[in-house]
Amino acid sequence: MARIDTLPEQTIIDGYKSKLDFYVHKGQPCVRSWPRYTPRVPHQLEKANQDAFAYINKLWTTIPPFIRQQYQRMAIGTDFRAQDIFVRGYMHGLNY
Amino acid sequence: MVSITRWVVVDYQHNWLNGYFTVHVTTDIPVHMTMLYTGKAVRLHLRQKVIRGVSKLTLPDYCFIEYQPLDQLEPGDTLIHTFTFGPWEPGQCYSFRFIATIDGQPSSSDSGIFLVCYHDPGVFELGIFDTLPYLHGAVNLKAGSGVELNYDEANQAIMITAH
Chain W
1 MARIDTLPEQ
11 TIIDGYKSKL
21 DFYVHKGQPC
31 VRSWPRYTPR
41 VPHQLEKANQ
51 DAFAYINKLW
61 TTIPPFIRQQ
71 YQRMAIGTDF
81 RAQDIFVRGY
91 MHGLNY
Chain R
1 MVSITRWVVV
11 DYQHNWLNGY
21 FTVHVTTDIP
31 VHMTMLYTGK
41 AVRLHLRQKV
51 IRGVSKLTLP
61 DYCFIEYQPL
71 DQLEPGDTLI
81 HTFTFGPWEP
91 GQCYSFRFIA
101 TIDGQPSSSD
111 SGIFLVCYHD
121 PGVFELGIFD
131 TLPYLHGAVN
141 LKAGSGVELN
151 YDEANQAIMI
161 TAH
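Protein chains in written order, with the working numbering: chain W, 1 to 96; chain R, 1 to 163.
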């Protein structure tokens, strides 16, 4: 990791994709080598969450259109897809 | 894999009988549900947070207020849940959502917000005369009621009135 004065332009950041990772930590622009994915066997609770996440995403395609429309309505005006809200409601609950 | 601490609505049916609203909800695992319903419009509050120096919208807050809780009719944890309340006036809309317990323990899962409006079954629209010189449709009339046809010249429409 190295501290830098300012973040370069987005095109430069995009050009270093998968080589260098530019980010801001507590207001300080930084750059580091691109994070490497080192797969391992997940912990038990981690695996349970991954399975639940896969389950609910797969379920999205099978729920009745009326239910899907309700989530689509909830997603209007947000940056999220209806499916994101559906998944979030199952995994953690929604912000009511 | 089905989680034993989370639930989701997988099927939904509703109907009205004499203005009374009945909804049947099916969940993926047995839970005990409570319906929260409100006649107030649900508002959206957008939230944002800074991620790596970039401001991004997070999941919004849904302002679900002045609601009434309604327990399911079936006792205990079930797959199918029935709720009924009313009567609804024609044109009236309600928003509702569901919360649930599993073996008496609260679950973090939430349903989405359902918005349902009650339309008077006696009011209907057949459509607009276009390429065909006739329109098809059906309406439920009470015994002893009649139908009156009037030509509305201003709108070039035939008004069908049941009384």
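Just so you know, the hints here were simulated from the structure itself, not pulled from any lab data.
These figures come from a predicted structure and were not determined experimentally.
Just so you know, even glycine gets a beta-carbon here, dropped at the ideal spot from N, CA and C.
Check the hints yourself; a few may be wrong.
[To be verified] Dumping the calculated DSSO-like pairs for lysine-lysine here, alpha-carbon to alpha-carbon at most 30 Å:
# : chain 1 : residue 1 : chain 2 : residue 2
1 : R       : K40       : W       : K47
2 : W       : K58       : W       : K47
3 : R       : K49       : W       : K17
4 : W       : K19       : R       : K40
[What the hints assert, rightly or not] To list a few chain R residues with every Cβ distance to chain W over 10 Å, as calculated:
# : residue
5 : Y20
6 : P60
7 : P69
8 : S108
9 : Y151
[Said to hold, decoys possible] Simulated coverage check for chain R against chain W, where a stretch passes if three residues somewhere in it have a Cβ under 8 Å from a Cβ of chain W:
#  : stretch
10 : 9-16
11 : 88-98
These are the hints, each one checked on the structure:
At most 30 Å may separate the alpha-carbon atoms for a hinted pair to count; K40/R and K47/W exceed this at roughly 40 Å. Proximity of K58/W to K47/W is assessed by CA-CA distance (about 16 Å); at most 30 Å being required, the pair is judged to hold. For the proposed pair K49/R and K17/W, the alpha carbon gap of about 24 Å is at most 30 Å, so the pair holds. Distance hint between K19/W and K40/R is unfulfilled; the C-alpha atoms sit about 52 Å from each other, more than 30 Å.
For Y20/R, the non-interface assignment is confirmed: its Cβ lies about 20 Å from the closest Cβ of chain W, beyond the 10 Å cut-off. The Cβ of P60/R sits about 5 Å from the closest Cβ of chain W, inside the 10 Å cut-off, so the non-interface label is violated. Non-interface call for P69/R relative to chain W: holds, since the shortest CB-CB distance, roughly 13 Å, exceeds 10 Å. With a closest Cβ-Cβ approach of about 5 Å to chain W, S108/R is found to fall inside the 10 Å limit, against its non-interface label.
For Y151/R, the non-interface assignment is confirmed: its Cβ lies about 37 Å from the closest Cβ of chain W, beyond the 10 Å cut-off. A count of 4 residues in the stretch 9-16 of chain R with a Cβ less than 8 Å from any Cβ of chain W is obtained; the coverage claim is therefore met, three being the minimum. Look at the stretch 88-98 of chain R against chain W: 1 of its residues bring a Cβ nearer than 8 Å to a Cβ of that chain, fewer than three, so the hint is violated.
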